[in-house]
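> The residues making up each chain are set out below.
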Amino acid sequence: MRKAYVAVALMLAVSPLFLVLSDTVGYREPLDLAAEALGLKDISEEVNWTPFFDYTVPGLPPALGYAVTGAVGVALVTLLGRALQRMAK
Amino acid sequence: MGGLHIPDGFLDPLTAGVTYLISAAYAVYAFRKLRAEKARLELVTPLAAGIFAAQMLNWPLPGGTSLHFVGGALSGILLGPWLGFFPLFLVLLVQCLLFHDGGITAFGANLLNMAVIDVLAGYAAYRLAPKRCKAFGAFLGGWLGITLAGLACGVEIGVSSRLPYGLAVTVPVMAGWHAALGVIEGVITAAVVSYISRRAPHLIEEGGGREVA
Chain A
1 MRKAYVAVAL MLAVSPLFLV LSDTVGYREP LDLAAEALGL KDISEEVNWT PFFDYTVPGL
61 PPALGYAVTG AVGVALVTLL GRALQRMAK
Chain B
1001 MGGLHIPDGF LDPLTAGVTY LISAAYAVYA FRKLRAEKAR LELVTPLAAG IFAAQMLNWP
1061 LPGGTSLHFV GGALSGILLG PWLGFFPLFL VLLVQCLLFH DGGITAFGAN LLNMAVIDVL
1121 AGYAAYRLAP KRCKAFGAFL GGWLGITLAG LACGVEIGVS SRLPYGLAVT VPVMAGWHAA
1181 LGVIEGVITA AVVSYISRRA PHLIEEGGGR EVA
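Heads up: the protein sequence lines correspond to chains A and B, in order. Mapped onto the numbering used here, the consecutive letters of the first sequence carry residue numbers 1 to 89. Mapped onto the numbering used here, the consecutive letters of the second sequence carry residue numbers 1001 to 1213.
Keep in mind that the hints were calculated from the coordinates and are not lab data. Just so you know, not all the hints are guaranteed correct.
Derived coverage of chain B by chain A (criterion: at least 3 residues anywhere in the stretch with Cβ under 8 Å from a Cβ of chain A; other residues may be distant) [unchecked claim]:
| id | segment |
| --- | --- |
| 1 | 1006-1015 |
| 2 | 1025-1032 |
| 3 | 1073-1083 |
| 4 | 1092-1103 |
| 5 | 1155-1161 |
Remember, predicted model here, so these are calculated numbers, not experimental data. For each residue, glycine too, the CB sits at the ideal point set by N, CA and C.
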């Protein structure tokens, strides 16, 4: 089980590199292409509720914000997972 | 990010509502099954953390697209159809609420595609594979899960558009692309399952390899 969390830490540590890489490619995803063809509009930014929108932290450079939000996300997933375990017992 | 995560604004109210209902019904039933799964319950949290971190890694591809591992099939193989729902549920919940990755109106649809369809496809392909071909079964599960989730995603946004030809546009684009991208999901799924079956075979035998009543 400890190995699983070592793997998680490694993935988080390299995640900013992936952010930079995929931004360099300027990627567009199939879902965006399909939605565009139909005139469907992503309204996430208009209805946004979270300061950590799209894995950013206000005031931090994007790469650092990405790693920080990754760690926060893992922590929250872990907390909720443990709560779920308790509920099931 | 994105991938298969449908954002706010893509789904009409009917599609959003129907997918919420289906996913809620699945969640309630899966939660009831949770009580009978005490031994493997402890695997839900580390698997959820691993899938969350893996989804942060967006691999850029030539041609200007990218993909990240989704993990639904892996969850289905390791934890079975009911318990396997929960790692993806936790990941999608945190992604949606904290990072607005995947819309709140599309949460039901995103659960249906990645926590139900992808999980079931992985579980079924792995279960049905002959004993000697389990690694191939895991590959097939990963590939099929992504392809079917992509197809479902195409149907959901296709029926949401008011255009009469909506489905004719979205289904080929989504199913076609994800049938190609799913090969990589299949390879990663097979690699992780093979690693675990060598290092900790009991996890798999008690999981997708076992009959789930």
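> Check each numbered hint from earlier against the structure, then list the numbers of those it violates in ascending order.
2, 3
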